[in-house]
Every structure is written in C-alpha cells, then in structure tokens.
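**Student:** Those protein sequences? They're chains A and B, same order as listed. When the letters of the first sequence are read in order and numbered with the working numbering, they come out as residues 20 to 133. When the letters of the second sequence are read in order and numbered with the working numbering, they come out as residues 77 to 192.
Please note that a few of the clues may not be correct.
Stated by the list, open to error - With a cut-off of at most 20 Å between alpha-carbon atoms, the simulated SDA-like pairs for lysine to any residue come out as follows:
#1 B:K87 - A:G62
#2 A:K68 - B:H105
#3 B:K172 - A:D114
#4 A:K41 - A:P98
#5 B:K133 - A:T116
#6 A:K68 - B:T180
#7 A:K41 - B:G118
Derived from the structure by calculation, the hints contain no laboratory data.
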Amino acid sequence: AQSVAQPEDQVNVAEGNPLTVKCTYSVSGNPYLFWYVQYPNRGLQFLLKYITGDNLVKGSYGFEAEFNKSQTSFHLKKPSALVSDSALYFCAVRDLTGANNLFFGTGTRLTVIP
Amino acid sequence: DAGITQSPRYKITETGRQVTLMCHQTWSHSYMFWYRQDLGHGLRLIYYSAAADITDKGEVPDGYVVSRSKTENFPLTLESATRSQTSVYFCASSEKGGGANTDTQYFGPGTRLTVL
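The shape of chain B in the complex, shown without the other chains (with noise of 0.2 Å):
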C-alpha cells in the first residue's frame, strides 16, 4: 500500500533552473494538490486538481506550472526556480463523493527544495 508519494525527497538547484516536483498516489482519489511550507506561514496552497485534466490555482501560483494527464501523477513545475522559491513542498490527496474520509487530505513525505 504505497499511498501517496513524492519525488525527489531533496533537491538543490540554481536559479533560474526548471525544477519538476512528482506526486504519485495509488488511491485513484480525484483531487490532489501542493502545498508549500515555510516558517511563519504553515502550509499554503499553491495549486489544486479536481481531477484529470481539470486544475485551478490556489493562493500562492505564482512561478508554478502544474498538469494532471492521469489521476494517480501530479507533477509541480518551477519554470525558472527563484530564491523565494525555496521551501519544503508538500503533495496532498483526498477522495470526492461524500464517504466518510471525503475532505480529509493525505499527505505525502515533502520534497525539500533549495534554490541557490
């Protein structure tokens, strides 16, 4: 039971570099989204997927490009990595139509991502 996961755990890069986060879950739940988190601020949202094909921006979009081709992958792109960029990114999943764990999100291990 894999669950959710996420690729690399650690990544150092450059600025001005693409840097391409994975997510992977094998729950075939239909939303998924990331999340970053820095200190002060707790985790925030940066973009999110009701389902294949279909993703909408959270509250911090800025500089990140997201797809979903298939339910189970969710890759996160910076297309030209910033300083302000770094942060501990975090994938997240959760199930649609009114079960019991509808709503409740289950979050991956987190990339650490620095940008130099």
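Just chain A, with the same shape it has in the complex (with noise of 0.2 Å):
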C-alpha cells in the first residue's frame, strides 16, 4: 500500500531563510508525488509533482522539491521564506493500484516569522 509521512507537525522560520518541509514516501513500484498548500479557510492548492525524470522538480509561488529515491523522500524547499508562506502543507502520493485518488501526509504547518 502507498503512504506519505510528515515527521513535523510544525515548521518555523525566520523570514528570508531557506526552508524544508519533509516528506517520506512508502510505495510499491514508482511514485507519484504531489504537495499541496492550504491556506486558513480555503481549499487545497496544487504546488508541484514529481512522476518521472529531474530530481529537483519546480513549482509555484517558487517551492522545489527534491525527489530522493534512496531516501524514499521529496521534501519540500524554498531558498528564502515569505510571511505569506505560512500555511498548512500537505504531501501526498498517488494510489498506483487503478483509482486516480492520492493519499495524504498529516500536514506539516508552516509559520514565517516576520
């Protein structure tokens, strides 16, 4: 079975410092792997994917992900945090076994201190 784990409910970080959001991966055969981005009161929002080829895969608002198969991880990275980045992130994987639906991590909350 395919699953995600996020060992950080909690990030903070200073404004303008990198940060990394974590992620494991536990699949069967090749991953496909997503983040996502929640703001307070809204829907998900898609950031980035990994299915196939580079690495370091780039997203929006300026996240990358590196994509470690040794490590089974992808976590998630931008080299200089904004205030407005504060938000609850979600990894997740994709259910290779025939239906299209992901599987999600427990979220990691992201805090930018001004």
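Could you fit the two chains together into a complex? Lean on the hints.
**Tutor:** In structure tokens:
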C-alpha cells in the first residue's frame, strides 16, 4: 500500500531564511508524488508534482522539491521564506492500484516569522 | 472560469438527519473525489468516481452515499448524520488521459459540516 509521512507537525522559520518541509514515502513501484498548500479556510492548492525525470521539481510560488529515491523522500524547499508562505502543507502519493486518488500525509504547519 | 465549487460552505445539522453536500466542476474532468479533513489525519478519501455512473469506495466510506448521473456533479449524502461525521469535506477533480495535468487533483473550497 502507498503512504506518505510528514514527520513534523510544525515548522517555524524566519523570514528570508531557507525553508524545508519534510516528506517520506512508501510505495511499491515508481511513486507519483505531490505537494499541496492550504491557506486558512481555503481548499488545497497544487504546488508541484514528481512523476518521472529530473529529481528537482520546480513549482508554484518559488517552491521546489527534491525527489530522493535512496532515502524515499520528497522534501519541499524554498530558498527564501516569505511571511505569506505561512500555511498548512500536505505531501501526497498517488494510488497506483487503479484509482486516481491520492494518499495524504497529516500535514505540516509552516509559520514564517517576520 | 468557475472551476470547482462546493455548496453549502457551512452546514449545521442534527444527529440522524440526512445531509447532501454538492460538488460541481466546469472542466469536464473524468475523475471526481470526496475527502474529509480531520485534525491528525490529513485528508482521507471517502468515495471517488472515474466517470459518470461509475463510483467506488475509498478509505472511509461508511455512512456516506454518492451518485454521479452527470460528469460535472458529484453529490455526497450522509444518510443519517452522526457526530463523528463532523468534519471539513473537500471535493476534487482530475483529468484522465495522460496529458501534462493528469493525476493532478484540483480542490474545491470545502464544506464545514457540524453535526450536533
């Protein structure tokens, strides 16, 4: 079965500093991995995905994620955090058994401190 | 460009009542999904649909019913609401067919349901 884990419930970072939100995955086969962001009282917004190809994936709002097969990780990164990046971030992996649904992690709340 | 909408955005109901949450998308996406979001669980799949008249259970389907008579609509019904169904419900849709946006799910704004 596919699953993802987000080991940190909360990440705090100072504005201007680089940020990392961690995600590890467990799949049998090649993973399809996603990052979504949720702002307060809003739905989830797609940030980026890894399907195949380059291990460094670039996405919306200056975010990028690095796929690491040996460490089964897909960490989300940004070189310089903004206060407006404060939100709830979800990592997800696609179900490879036939349905097109996603299995989500429990989320990481990112707070960027001015 | 309306995208994907949900109604109502907020709903308070009582235990035992039937409640229907609506989801409508304007992209003609083949796949549609219902998730619930609860603290400590992230999002969990309730039901999904691969096309009109094709639905299947997800991780937590008990107590819910879905239908999909038209591609653009995917209502979720709680037949007899329970307090444990208090949650935020998200509808999502995605394309089918191998294009660049295949597999990417696009989410509605959510419905916050409280069962008293």
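**Student:** Taking 20 Å as the top limit, are the C-alpha atoms of A:K41 and A:P98 close enough?
**Tutor:** holds (15 Å)
**Student:** Is the hinted pair B:K133 and A:T116 satisfied, with a Cα-Cα distance of at most 20 Å?
**Tutor:** Holds: B:K133 and A:T116 sit about 13 Å apart, inside 20 Å.
**Student:** Would you check the hint for B:K87 and A:G62, treating anything up to 20 Å between C-alpha atoms as holding?
**Tutor:** holds (17 Å)
**Student:** So if I understand the rule, the pair passes when the alpha-carbon distance is 20 Å or less; does B:K172 with A:D114 pass?
**Tutor:** Holds. B:K172 to A:D114 sits at ~14 Å (cutoff 20 Å).
**Student:** Tell me if the straight-line CA distance from A:K68 to B:T180 falls inside 20 Å.
**Tutor:** holds (8 Å)
**Student:** Going straight from one Cα to the other, do A:K41 and B:G118 come out at no more than 20 Å?
**Tutor:** Holds - the C-alpha atoms of B:G118 and A:K41 are around 15 Å apart, at most 20 Å.
**Student:** Need the status of pair A:K68, B:H105: alpha-carbon distance at most 20 Å?
**Tutor:** holds (19 Å)
Against the hints set out earlier in the document, no violation occurs for any number.
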